[in-house]
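Asker: Sequence:
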Amino acid sequence: MGDKTLTAAEAEQHFWDSLKKSNTGLLGLDQPGYHAQPMTAFREEETGTIWFFTRDDTDLAKDAALPGGQSAMFHYGSKDQNVWACIHGDLSVHGADRAIIDRHWNPVLAAWYPEGKDDPHLTILKFDADDGRVWVNEGGFFKFAYEVAKANVTKTLPDAGGVADVNLN
Numbered sequence: 001m002g003d004k005t006l007t008a009a010e011a012e013q014h015f016w017d018s019l020k021k022s023n024t025g026l027l028g029l030d031q032p033g034y035h036a037q038p039m040t041a042f043r044e045e046e047t048g049t050i051w052f053f054t055r056d057d058t059d060l061a062k063d064a065a066l067p068g069g070q071s072a073m074f075h076y077g078s079k080d081q082n083v084w085a086c087i088h089g090d091l092s093v094h095g096a097d098r099a100i101i102d103r104h105w106n107p108v109l110a111a112w113y114p115e116g117k118d119d120p121h122l123t124i125l126k127f128d129a130d131d132g133r134v135w136v137n138e139g140g141f142f143k144f145a146y147e148v149a150k151a152n153v154t155k156t157l158p159d160a161g162g163v164a165d166v167n168l169n
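Here the sequence shown is numbered in the UniProt record's numbering, starting from 1 and rising by one per residue.
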């Protein structure tokens with residue numbers, strides 16, 4: 001992807017920093033025929049756990065509630081398009097944990113739960129990330145456009161950043 005070697009630690013840091021700024025990605029079970037859906041991620045810094053709010057009557061919540069949880073994938077692209085990630089982990093139903101609800105509650109979440117924080121359908125999914133791959137392009141759009149133009153002129157490959165496999169355990 002580029003001339004610079006991206007270490008796993010750097011890639012992981014870019015992913016977590018970016019997730020703080022724009023926290024929506026695609027979450028789905030890691031199984032044939034299952035499609036990911038847009039979800040907002042809330043990271044718990046201390047443990048690396050990612051929380052997702054959902055309704056308990058959704059297919060994703062019902063499937064994640066199966067004994068032992070489910071293998072899942074979280075696909076992420078930052079708003080500025082400088083960080084992309086595909087993260088694997090275990091997804092399970094955590095339930096309506098009031099401390100987590102209070103910590104992350106906002107007007108966007110409130111729109112999905114007519115009865116507010118006490119909505120009987122509100123549940124939280126717990127995503128324990130284990131590994132993944134992260135792509136980082138720190139140059140932004142203009143650097144990318146420059147690299148594409150340069151590659152076309154010089155008949156070389158563009159420097160589009162770095163990629164690294166990460167272990168998030």
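If you are wondering where the hints come from, they were derived from the structure by calculation, not from laboratory data.
Ideal placement from N, C-alpha and C gives every residue a C-beta, glycine not left out.
Careful: at least some of the hints might be erroneous.
[Said to hold, decoys possible] Simulated pairs of lysine to any residue, SDA-like, Cα-Cα distance not exceeding 25 Å:
#1 Lys20 <-> Leu168
#2 Lys155 <-> Gly140
#3 Lys20 <-> Gly33
#4 Lys62 <-> Asp80
#5 Lys21 <-> Ile100
#6 Lys62 <-> Trp84
#7 Lys21 <-> Gly69
#8 Lys79 <-> Phe141
#9 Lys20 <-> Pro32
#10 Lys20 <-> Leu6
#11 Lys79 <-> Val153
#12 Lys20 <-> Ala111
#13 Lys20 <-> Ala61
#14 Lys143 <-> Ala61
#15 Lys62 <-> Asp119
#16 Lys79 <-> Ala36
#17 Lys79 <-> Lys155
#18 Lys79 <-> Lys143
#19 Lys117 <-> Asp102
#20 Lys62 <-> Ala99
#21 Lys117 <-> His104
#22 Lys143 <-> Thr154
#23 Lys21 <-> Thr154
[Said to hold, decoys possible] The following label-pair restraints were derived from C-beta to C-beta distances:
#24 Thr156 <-> Glu45: 37 to 47 Å
#25 Phe142 <-> Gly68: 45 to 55 Å
#26 Asn152 <-> Thr49: 20 to 30 Å
#27 Thr7 <-> Gly95: 33 to 43 Å
Asker: Tell me if the straight-line CA distance from Lys143 to Ala61 falls inside 25 Å.
Answerer: Roughly 41 Å between the alpha carbons, so the hint for Lys143 and Ala61 is violated.
Asker: For the pair supplied as a hint, Lys21 and Gly69, confirm whether the alpha-carbon distance does not exceed 25 Å.
Answerer: Judged against 25 Å, a Cα distance of about 28 Å means the pair is violated.
Asker: Quickly compare the C-alpha distance for Lys20 and Ala61 to 25 Å and report which way the hint goes.
Answerer: 24 Å, holds
Asker: Would you mind confirming whether the straight-line C-alpha gap from Lys20 to Leu6 stays at or under 25 Å?
Answerer: 20 Å, holds
Asker: Does Pro32 lie within 25 Å of Lys20 when you go C-alpha to C-alpha?
Answerer: 30 Å, violated
Asker: Would the pair Lys79 and Lys143 pass a check requiring their Cα atoms to be no farther apart than 25 Å?
Answerer: Between Lys79 and Lys143 the Cα gap is close to 16 Å, so the pair holds against 25 Å.
Asker: If you check the beta carbons of Thr7 and Gly95, does the distance land in 33 to 43 Å?
Answerer: 37 Å, holds
Asker: Does Lys20 pair with Leu168 here, judged by a C-alpha cut-off of 25 Å?
Answerer: The hint holds at about 16 Å.
Asker: Next pair to validate is Lys62 with Asp80; report whether the Cα-Cα distance is within 25 Å.
Answerer: The given pair, whose Cα atoms are some 33 Å apart, is violated under the 25 Å limit.
Asker: Given the hint that Lys79 pairs with Phe141, does the C-alpha gap stay at or below 25 Å?
Answerer: Since the Cα atoms of Lys79 and Phe141 sit roughly 12 Å apart, the hinted pair holds (cutoff 25 Å).
Asker: Go ahead and decide if the range 20 to 30 Å is satisfied by the Cβ distance of Asn152 to Thr49.
Answerer: 44 Å, violated
Asker: Given the hinted pair Lys21 and Thr154, is their alpha-carbon gap at most 25 Å?
Answerer: 36 Å, violated
In this structure, the earlier hints numbered 3, 4, 6, 7, 9, 11, 14, 17, 23, 26 are contradicted, and the remaining ones agree with it.
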